[in-house]
Amino acid sequence: MSVTNLLENWAEFRHTHPVDDVPHDPYKWAMSIDMDTCTGCNACSVACYAENNLPVVGKDRYEHGQAMHWMRIERYWPEDGREFPDQGAQFLPMMCQQCEAAPCETVCPVGATNHTADGLNSQAYNRCIGSRYCSANCPFKVRYFNWYDYPTTENVWPAEMTMQLNPDITLRGKGVMEKCTFCVQRIRAGERSVKNEGRILRDGEVQTACQQVCPTNAITFGNLVDPDSRVHQQWKAQRVELTVDEQEKDKEEGGSDLRGYRILEELRPYPSVMYLERVRESAI
Amino acid sequence: MDNNFDRRDFLKVLGWGGAAVALSGCGNTSVEDGKETVVSYVEAADYVMPGISVYFNSTCAQCDAGCSITGRVREGRVLKLEGNPDSVINRGKMCGLGQAGVQHHYNPDRVREPLLRTGSSGETITWDKAYALIAEKLNGVSGDQIDFLTGTVSGHLKALLGNYLETLSSKNHYVYEAISPAVQRAANLKSYGMEMPRYSINKAKVVLSFGADFLGAWVSPVHFSQQYAEFRKGVDGQRGVLVQVESKMTLTGANADRWLVVRPGTEGILALGIINALGVAGLSLPANVSALVNAYDKERVSKDTGVSTENLVKLAAMLKERSPSLVLLGSAAEGYEHGSQNAAAINLLNQVLGNVGKTVEASASVPFPQIAPTIGNTAGARIVNNRLASGQTKVLFTYGVNPVFTTPAEMGFKDNMAKAGFKVAFAHYLDETALQADLVLPLDSALEDWGTQVAEYQPDGVQISVQQPLMEKLHPNTRGMGDILLALLKQRNPETYNAFDDYYAYLRTALLKNKPQFADSGADDDVFWNGLLGSGIINVSGNLNKLSDKMAVDINLPAPVEKDSKYPFNLIPSVSAHLRDGRHTNQPWLQESPDPLTTIVWDSWVEIHPKKAAELGIVEGDILQVESKSGSIKAQAYLFPGIHPDAVSIPLGRGHEAMGRYAKGYGVNPFHILNRVFDRETGELAMHETMVSISKVGKRVIVVKDEGAAGGHQDGRRIALSVTSDQVDLSEEV
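Protein chains in written order, with my numbering: chain A, 1 to 284; chain B, 285 to 1018.
Okay, chain A solo, but in the shape it has when bound (with noise of 0.2 Å):
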């Protein structure tokens, strides 16, 4: 893809967010979390580490905030000035939204981020040059700069600890943006083995790290536009549509009883990623 042509081509690139003649096809990855399943346990952040060959910054980079942990458990207690949180804590993984309408990709001074056909949030770490314009433009704060050169210089994997790298995927270098890929390494490859054979992927073939380690699966993860995905039929049973800023069922007088949403849709970032409100039982 050369310049010229990104440039002249550039509303089929910039693929904005699905209208109906440009449905996707075959693909289109997503999301789901129950947060009444999730319990915070962190499982999911290690395994990302493990899986995509995420630097440990140590405590005194943590602290500046450099931290590159991929998926996130971000907590929040209740607020409602009670002496104890007697309700529990909420407990959010928060990872990259893969936001159809990306806000991040549209201030890429290079156009290193952008979007894929089916619907990934792509970044092409060596087209960064790292202006770091996506990361203050994205509404979740899930984008991550590399300030050091933490393959090479900081010793960050030392001796043999580099026989641990996944080989399926690149160590960015110093002033590099990275963020959640939906392990697109896993969807490569699962796509790769199943055309020999002619057809698309089915619902479970590709796991992403995330979801395969969760304790109580509470993560979904899927082919939306695959009538017999689960992640499918979860957004469908929730009333969850992708391509609008407000669902109808928001709208319907008295709200409705069901529990998806996505968060700050209202924004219009078009998030690939669905929540299923904790639930908290009314009779205790």
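There's no promise every hint is true.
Derived list of chain A stretches under chain B, where covered just means 3 residues or more per stretch with a C-beta under 8 Å from a C-beta of chain B [to be verified]:
#, stretch
1, 85 to 94
2, 254 to 261
Okay, the calculated bits of chain A under chain B, using three or more residues with CB under 8 Å as the criterion [to be verified]:
#, stretch
3, 31 to 38
4, 47 to 53
5, 63 to 73
6, 162 to 170
7, 207 to 219
Simulated pairs of lysine-lysine, DSS-like, Cα-Cα distance not exceeding 25 Å [as the list claims (entries may be wrong)]:
#, chain 1, residue 1, chain 2, residue 2
8, B, K948, A, K59
9, B, K698, B, K913
10, B, K834, B, K487
11, B, K983, A, K59
12, B, K582, B, K847
13, B, K587, B, K847
14, B, K980, B, K296
15, B, K598, B, K582
16, B, K587, B, K604
17, B, K413, B, K703
18, B, K517, A, K249
19, A, K59, B, K980
20, B, K983, B, K895
21, B, K918, A, K59
22, B, K678, B, K455
23, B, K455, B, K703
24, B, K895, B, K918
25, A, K236, B, K517
Just so you know, the hints here were simulated from the structure itself, not pulled from any lab data. Each residue gets a CB set at the ideal place from its N, CA and C atoms; glycine is no exception.
Take the given structure of chain A and dock chain B to it, following the hints.
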């Protein structure tokens, strides 16, 4: 094998001695099978294809839950671990601690050569010299002067260890776990007739947990997390309700529908108060139970425990209405001088609610006693410490434990160790205990070694988990624990053990010997063996223990302790899912993985309730001196709403003075300031009985944490949403 070799002895050598199920008596299975040329799969270049991952099943050794894992191996390197879906324990899932197992294997600070210490200097020596040295030091020492202090052991390693001890004529195998539900096991034996029944969270409509952190670090967390997910989806469409009672919020408490803060140590009183309230609500109680709880009316219980009468009544009503329920108890209720009494009261509540037989079910016992797990407790270290102090122990072997780090400093384990003439540490790292040893023998990592593991908690029958190397050894001079024991056994009893070239040969022979128990008796040896390595799991039905439901009412709970003006706070040493007793602190993913509740990384902290902090003028980041009568430590303050105002909490696991670059020098070690107070009945260390004072030292730091500037508040934005159960329809969910 000699023909005159006795069959019974032979079974014992192989770990099947005293088996409670019949072993096959026929056939002439020869030990010579073990002499065949064994080509490890990692050398089989046939299926190492560059760029293609292959997967091998093994067993996670990061804790003792026995989860089965599948290792992704490429070009001969293990890259990542996943759960093995065929395991009844973890059903394809894992925890963060298990994920970090590869960092145990690739850790740059592993011990690589046998080390001998002479005075203050050390040198590397050969294995031959190390073995010769052990033989020399054991010469002239009687069996009762030789001690083995190990962590929980099971499987064929335990069989070999037992056999080795026997050749030494030593009965001194002490099993030590610094964090162990030992009080509860004793109470369970009385209440249910077995130490560890099966708990069915997924069948309960209400779970009432007295400090059992079953989603974090309690017993078998990955298994219970899956049960919990089913429990939340509900039985017959009714979502399960979790009520957690504790003085400091655990991860499980953070997921509760109702988290009840209780005055430290009064858990038993609350349990009896709930029984009383159940009686008032109309549940019929046996006369002796009724007499026992008569004095525990809601006003008194509320005054003693701090739980409001309203909550007490609501809780009793819900427990009465929604049956079956399940009552669990964890370290927070056990860790007192009257811990056994607390446990008995809590178990009684389960019995009164009729849960025994419904959600508390009979577990299966391992039919082979020689490989059944020997579970540790804190008494193990105490006994060895006393023996060391009195000079009874001349030679000490340690494996899988770090008592210098995990025992109260007041016990003086480090100094007492010096009194033994010869100390051998089997170790992966130079931890605090290995540093005190005379001889340090470097072990293979769990991903390089052979073995079998049998977990204490068995959700369905008995699963024997097979551990096989996922790659070649990283360091040529480390050895598997099984191989070391075999070499030591050959010193003592060459005619029996010379038949086995290595631990692999021993293991294969042992498992093939029992083939008829595990497979079609006609199965070919190689087919059977390869199948075993393929699945990584052997399931045996085991014998169901007999569940008893005898209500014991000889419960005697002390009145809540009045505050000591010198040491006004209860110290709660908290156990995190990732760091546990500190044996994994050198795995950097775990150091950098935020504590779920405080989001703090790489350091220790003191949790204090915001109200109390305001009273004392403490703000976040103030360095506090926490002083017990046994010592003091300094750590940063963190204002934490999920804690009783009369308690402070410091997490266990950090504060290492050794163990390599990722562990040494980060945080403080609360084990060292614990008072020597023990449960009256079991003699277990009462971990929650230490009272402390806190004072500011006049220094403030920035707390390194993941929580943003807002301190975890949403400020009205719709980010993490919550809904009450009456506002939502779960029946149509996918």
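Here's how the hints hold up against the structure:
Only residues whose beta carbon comes within less than 8 Å of a beta carbon in chain B count, and the stretch 85 to 94 of chain A has 8; three or more means the coverage holds. With 4 residues carrying a beta carbon less than 8 Å from a beta carbon of chain B, the stretch 254 to 261 of chain A meets the three-residue requirement, and the given coverage holds. Check result for the stretch 31 to 38 of chain A against chain B: holds, 3 residues qualifying (beta carbon to beta carbon below 8 Å, three or more required). Counting residues of the stretch 47 to 53 of chain A whose CB falls under 8 Å from any CB of chain B gives 4; the rule of at least 3 is met.
Closer than 8 Å: that is the beta-carbon criterion, and the stretch 63 to 73 of chain A has 5 residues meeting it against chain B, so the requirement of 3 holds. Residue count for the stretch 162 to 170 of chain A with a Cβ under 8 Å from a Cβ of chain B: 5. That meets the three needed, and the coverage hint holds. Look at the stretch 207 to 219 of chain A against chain B: 8 of its residues bring a Cβ nearer than 8 Å to a Cβ of that chain, three or more, so the hint holds. A distance of roughly 13 Å separates the Cα atoms of K948 (chain B) and K59 (chain A); the hinted pair therefore holds under the 25 Å criterion.
With a C-alpha separation of about 19 Å, the suggested pairing of K698 (chain B) with K913 (chain B) holds against the 25 Å cut-off. For a cut-off of 25 Å, the pair hint linking K834 (chain B) to K487 (chain B) stands: about 22 Å separates their Cα positions. Our distance criterion of 25 Å between C-alpha atoms is met by K983 (chain B) and K59 (chain A), whose separation comes to about 19 Å. Of the supplied pair hints, the one linking K582 (chain B) and K847 (chain B) holds, its CA atoms being roughly 23 Å apart against a limit of 25 Å.
With a CA separation close to 15 Å, the supplied pair K587 (chain B) and K847 (chain B) stays within the 25 Å bound. About 60 Å separates the Cα atoms of K980 (chain B) and K296 (chain B), which puts this hinted pair outside 25 Å; it is violated. Of the pairs offered as hints, the one joining K598 (chain B) and K582 (chain B) holds, with about 12 Å between alpha carbons and a cut-off of 25 Å not exceeded. As the CA atoms of K587 (chain B) and K604 (chain B) are separated by approximately 23 Å, the hinted pair is consistent with the 25 Å bound.
About 23 Å separates the Cα atoms of K413 (chain B) and K703 (chain B), which keeps this hinted pair within 25 Å; it holds. Only pairs whose Cα atoms come within 25 Å are accepted, and K517 (chain B) paired with K249 (chain A) is accepted, the gap being roughly 23 Å. With a C-alpha separation of about 23 Å, the suggested pairing of K59 (chain A) with K980 (chain B) holds against the 25 Å cut-off. A hinted pair counts as satisfied when its Cα atoms are at most 25 Å apart, and K983 (chain B) with K895 (chain B) qualifies at roughly 21 Å.
Between K918 (chain B) and K59 (chain A), the direct Cα distance comes to roughly 18 Å. Compliance with the 25 Å bound is thereby established for this hinted pair. A hinted pair counts as satisfied when its Cα atoms are at most 25 Å apart, and K678 (chain B) with K455 (chain B) qualifies at roughly 14 Å. Distance hint between K455 (chain B) and K703 (chain B) is fulfilled; the C-alpha atoms sit about 20 Å from each other, no more than 25 Å. Straight-line distance between C-alpha atoms of K895 (chain B) and K918 (chain B) comes to about 21 Å, which keeps the hinted pair within the 25 Å bound.
Restraint check: the Cα-Cα separation between K236 (chain A) and K517 (chain B) comes to about 18 Å, which is no more than 25 Å; the hinted pair holds.
Of the numbered hints listed earlier, the single one contradicted by the structure is hint 14.
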